[in-house]
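**Q** Sequence:
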Amino acid sequence: MTSFRRLRTIAVTVLMTAGLGVATAPTASAATTCEYFADLPARVSIDRPEVRVAVPVRGCEGYMDYASADVYGPAGFHDILIWDGTRTDYWYLYDWDTPPGVYDTNDGHGYTQDMTQQPWRADTTVVKFATQAGVSATRSGGRVTINALATRYDGGSNKFIPFANRVVAIDQCLTPTSSCSVLAYAVTNAAGRASVTVNAPALRSYQVRYGESSSFWGSTSTRVRA
Numbered sequence: 026m027t028s029f030r031r032l033r034t035i036a037v038t039v040l041m042t043a044g045l046g047v048a049t050a051p052t053a054s055a056a057t058t059c060e061y062f063a064d065l066p067a068r069v070s071i072d073r074p075e076v077r078v079a080v081p082v083r084g085c086e087g088y089m090d091y092a093s094a095d096v097y098g099p100a101g102f103h104d105i106l107i108w109d110g111t112r113t114d115y116w117y118l119y120d121w122d123t124p125p126g127v128y129d130t131n132d133g134h135g136y137t138q139d140m141t142q143q144p145w146r147a148d149t150t151v152v153k154f155a156t157q158a159g160v161s162a163t164r165s166g167g168r169v170t171i172n173a174l175a176t177r178y179d180g181g182s183n184k185f186i187p188f189a190n191r192v193v194a195i196d197q198c199l200t201p202t203s204s205c206s207v208l209a210y211a212v213t214n215a216a217g218r219a220s221v222t223v224n225a226p227a228l229r230s231y232q233v234r235y236g237e238s239s240s241f242w243g244s245t246s247t248r249v250r251a
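Throughout, the working numbering is defined as the position within the sequence shown, counted from one, plus 25.
To be clear, the hints were calculated from the coordinates, so they are not data collected in a lab.
Mixed in with the good hints there might be a few duds.
To be verified - Label pairs and their calculated CB-CB ranges:
#1 227 with 79: 44 to 50 Å
#2 127 with 183: 58 to 64 Å
#3 86 with 239: 33 to 39 Å
#4 164 with 111: 19 to 25 Å
#5 240 with 138: 29 to 35 Å
#6 238 with 214: 15 to 21 Å
The structure displayed is predicted, hence computed values, not measured ones.
By construction, the Cβ of each residue, glycine as well, lies at the ideal position given by its N, Cα and C atoms.
With the hints as extra help, turn the sequences into a complete structure.
**A** Written as structure tokens, this is what we have:
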């Protein structure tokens, strides 16, 4: 699929360059000047075997004819985006061949209806695997035990697995919607779990969170009351 799309855009580029387009290019004084760019999301999370990301092309409103861009990442060429009669194309990411890192559309071009090639502006996004955080809390008199769970998406097994040896912050919050403060830190075991018991005479809300790494996004749990 990717090879076919790539050959198609190369053929269109050759025809445009050779002046074999359907329309005749106007004089330079009448040519439109505008700028195209692929509007990539700021971040992409891989949480399933196939992730489809809608990528609109911006610029040259009212004048657009055709645009395309190669998507490159840590492993080199990854996919090609083509906007031919549409303002949105789809970037497909598969968990087995999309290494985490920065992806860009530096290599792109576009034409307006007068067959003039227009400037292209690059855009970037960061791709990482998804994570999840869970929390539960149990009160016994004036003490509360907070249980944390951390999982991460695994491209090899196509599912979420325990996130072991992960430092998690356990927060306490005065109300279900107020700001929180760190109550304790803990490290998850092989099952992705950690637990702390604290003195807590008053009712509080609790949440678990951890930050991102080079390959995984961070995650924050919902809140529980105990």
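**Q** I want to verify a distance hint. Is the separation of the beta carbons of residue 240 and residue 138 within 29 to 35 Å?
**A** violated (43 Å)
**Q** Between residue 86 and residue 239, does the C-beta distance stay in 33 to 39 Å?
**A** Holds, since residue 86 and residue 239 (Cβ atoms, about 38 Å apart) stay within the stated range.
**Q** Is 19 to 25 Å a correct range for the gap between the Cβ atoms of residue 164 and residue 111?
**A** violated (56 Å)
**Q** Can you tell me whether the CB distance of residue 238 to residue 214 sits inside 15 to 21 Å?
**A** holds (18 Å)
**Q** May I ask you to test the hint 58 to 64 Å on the CB atoms belonging to residue 127 and residue 183?
**A** violated (24 Å)
**Q** Do the beta carbons of residue 227 and residue 79 sit within 44 to 50 Å of each other?
**A** holds (47 Å)
Checked against the numbered hints above, the structure violates hints 2, 4, 5; every other hint is satisfied.
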